[in-house]
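**Student:** Sequence:
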Amino acid sequence: MSDGYTILLTNDDGIDAPGIATLREELTSLGDVTVIAPDGNRSGVGRTRNHTAVVREHPWGYALSGTPADCVAYGLRGLDTDFDVVVSGVNDGPNAGNYVVGRSGTVGAGIEAAFLGTPALAVSAFHTTDFFLSPPEEYDFSRPARVAVGLVERALDSGVYDDVDLLNVNAPVDSPNPPVMLTEPYHDYGQQVEEVEDEDDELGPDERRVELRDRTWPDAVGWENPFPLAETHRERYPVGTDRRAMVDAAVSVSPLTVSHGVADSARLANVIETFEVE
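Residue 33 is where the sequence shown starts when you use the working numbering, and the numbers rise one by one after that.
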């Protein structure tokens, strides 16, 4: 498609994941799609980068022994191709809330693209009853993929990326004709720390093992499903947040920037002015 867009597609679930296969097929309607994706699952690595990686040719492009951010870096700087946009996904499970978004490999690929000057969209799928799509082979990723394609086309055509670096999208797989909501990542985070007692653990007398578990939804630890408590969550999450949109079975679209803008702090300015190094 010579008059279409040139698209770099990646993910964090691995090049053999069903979500990226569905998204690739849908994206071909917009132009030429090159896939550069990890050779295995790299979920939850954020924007982690490696110094070296092994590149293997693949019928869709390349498989990389690295992270999603590595894949984007290789695609944008290692190939003789000028990509119009980077698309990451479809991820198996949502990426909602500011802490989860920050550690997501799916979103991390988009952040890497934005730092390298290329607009990006990260898309993740959720099920309004099952939450995570496990095993992913039993779910249909076509609706989130179509949402991503429609948003990419409209965002590029309308100049959205003049003001926005990255669109983070969460779309339901099981909600017919879901509404599309403009959102922002919900700001919360919790951590549960517990000491692990294992008789087979070979630790020294001054050592102990602890388990660090994220609390990313109220009343849900780790990978547990928050939606059985949907009514409670609906009241807790304000309209306009990505988690509220998910509870309402809507498509969440959060526009993000990667500038790490500097806060205007008069108090800090006063500290700096009066600070003396001895």
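Hints listed in this document are in silico derivations from the structure and should not be mistaken for laboratory results.
Possibly wrong hints are sitting among the right ones.
[As the list claims (entries may be wrong)] The following label-pair restraints were derived from C-beta to C-beta distances:
(1) Ser97 / Leu214: 32 to 40 Å
(2) Asp296 / Tyr221: 19 to 27 Å
(3) Glu169 / Ala295: 40 to 48 Å
The beta-carbon is built from N, C-alpha and C at its ideal position, and this holds for glycine as well.
**Student:** Failing hints, ascending?
**Tutor:** none
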